[in-house]
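Asks: Could you put together the complete structure from these sequences and hints?
My numbering numbers the first residue of the sequence shown as 1 and each following residue consecutively.
Worth double-checking, as some hints may not be accurate.
[Unchecked claim] The list that follows gives simulated cross-link-like pairs (lysine-lysine, BS3-like), each with its CA atoms no further than 27 angstroms apart:
1. 122 <-> 142
2. 159 <-> 187
3. 252 <-> 142
4. 159 <-> 142
5. 122 <-> 159
6. 122 <-> 31
[Claimed, not checked] Label-pair distances were calculated between CB atoms; the ranges are:
7. 279 <-> 196: 35 to 43 angstroms
8. 280 <-> 171: 27 to 35 angstroms
9. 305 <-> 271: 19 to 27 angstroms
10. 162 <-> 92: 32 to 40 angstroms
11. 189 <-> 239: 33 to 41 angstroms
12. 310 <-> 145: 20 to 28 angstroms
13. 186 <-> 238: 31 to 39 angstroms
14. 171 <-> 258: 32 to 40 angstroms
15. 240 <-> 305: 15 to 23 angstroms
16. 190 <-> 92: 41 to 49 angstroms
Keep in mind the hints are simulated off the structure, nothing from the lab. Glycine included, each C-beta is placed from N, C-alpha and C at the ideal position.
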Amino acid sequence: MKYGIISFFAGMLALSEAFAATPTISNVTAKQRYPWNGLVDIDFTVTGLDVAVTEIDGATNGLAFAVTAVMPDGSTNRLSHIRVARRTAGGDYRIVWDARADLGEVRVTNLVANVAIVESHKGIQLWEGGPYWAEMNIGAEKPEDYGYYFWWGDTVGYKRENNAWVATDGSNTNFMFSSNNTPTYNKDKSALLAAGYIDSTGNLVAAHDAAHEHWGGSWRLPTYAESYALVNNCTTTLTTRNGVYGRLVTGKGAYANRSIFLPAAGRGSDSDSRFVGAGSWGAYWTSLSYAFDTEAWSLLFDSGDIYQYGISRSCGQPVRPVRGFAE
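Replies: Below is the structure:
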């Protein structure tokens, strides 16, 4: 490799009892395609896999392949720019890693990476060329669950317990969504960029993307464009699911048999510790900052319509992840 040496070792991760056997990974090899583009092919063998694999953006219909790396400085990072490209001619799997996108430049020596199998989440494509939308929110166990709530740029997440907001990592049992507790609040694009929250497009980077931090792989917050396309490429219907009010979002044409349910999860008020709007309307974060330095774009729906709207970054809102990139 032109810029350095990347070495890999095999890894395994035990799965839930839903799988008949614990799949293991072996025979991991890595080869850079060309010395100038940073793309690395990681080939490996999987044994004990008893579910069919669909090759979609680093994830499968039951499993995902995760790659973590020990950097030269000793830090451990989960590589975000990976995807499953195809089964190889010999039947093994191949992950394509964009090292340049993850590291800036491929100027690393003796980078040790661990390839593991982890449980994935189901994604549903609702229009041709569109991303795959998760069937439930971050922190939810069922599509109708509200899940965790985040301020914009937050990756901890908070759940509602006994009329209080409790941090999912145990760091706070009485959190309050407010501008004082929101580091991204009242920061313009240049300040957010300098602080490492966003990239040059104005979207949150992986380290400050709640979907990526909680689910890993290629899961992320939807962009503004993707939330806009969701509204324009789908039909939406107010309905209830297991007694929970929300909107059913359904594809059109060849995708008319595919849908996701967005519960009317409300939000955490940023003026006090109240939980407002649940059961009446829903607001979901996108990854894009708004024109005003205090707001970010959200996908909002109520009894009348579904649309994009700028909402204070200090509010607590749920996240509906996507994976893959729209054309």
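Asks: Take the hints in turn and mark each one as holding or not.
Replies: These are the hints, each one checked on the structure:
Taking the CA atoms of residue 122 and residue 142, the gap is about 11 angstroms. The hint holds against a cut of 27 angstroms. Distance check on the hinted pair: residue 159 and residue 187 sit about 26 angstroms apart at the alpha-carbon level, within 27 angstroms; holds. In summary, the hint linking residue 252 to residue 142 is supported, as the alpha carbons are separated by about 24 angstroms, within the 27 angstroms threshold. At roughly 15 angstroms between alpha-carbon atoms, residue 159 and residue 142 fall within 27 angstroms of each other, so this suggested pair holds.
Restraint check: the Cα-Cα separation between residue 122 and residue 159 comes to about 22 angstroms, which is no more than 27 angstroms; the hinted pair holds. Between residue 122 and residue 31, the direct Cα distance comes to roughly 30 angstroms. Violation of the 27 angstroms bound is thereby established for this hinted pair. The hinted window of 35 to 43 angstroms between residue 279 and residue 196 holds, with their beta carbons roughly 37 angstroms apart. A beta carbon spacing of about 30 angstroms between residue 280 and residue 171 agrees with the range 27 to 35 angstroms that was offered as a hint.
For residue 305 and residue 271, the hinted distance range of 19 to 27 angstroms is satisfied, since their beta carbons lie about 25 angstroms from each other. Our hint of 32 to 40 angstroms for residue 162 and residue 92 is violated, since their Cβ atoms are close to 50 angstroms apart. At roughly 38 angstroms, the beta-carbon separation of residue 189 and residue 239 lies within the given 33 to 41 angstroms, and the hint holds. As the Cβ distance of residue 310 to residue 145 is approximately 26 angstroms, the hint placing it in 20 to 28 angstroms holds.
Between residue 186 and residue 238, the C-beta spacing of about 35 angstroms keeps the proposed range 31 to 39 angstroms intact. For residue 171 and residue 258, the Cβ-Cβ distance of about 38 angstroms falls inside the hinted range of 32 to 40 angstroms, so the restraint holds. Checking the proposed 15 to 23 angstroms range against residue 240 and residue 305 shows it holds: the Cβ atoms sit about 18 angstroms from each other. With their beta carbons about 46 angstroms apart, residue 190 and residue 92 fall inside the hinted range of 41 to 49 angstroms.
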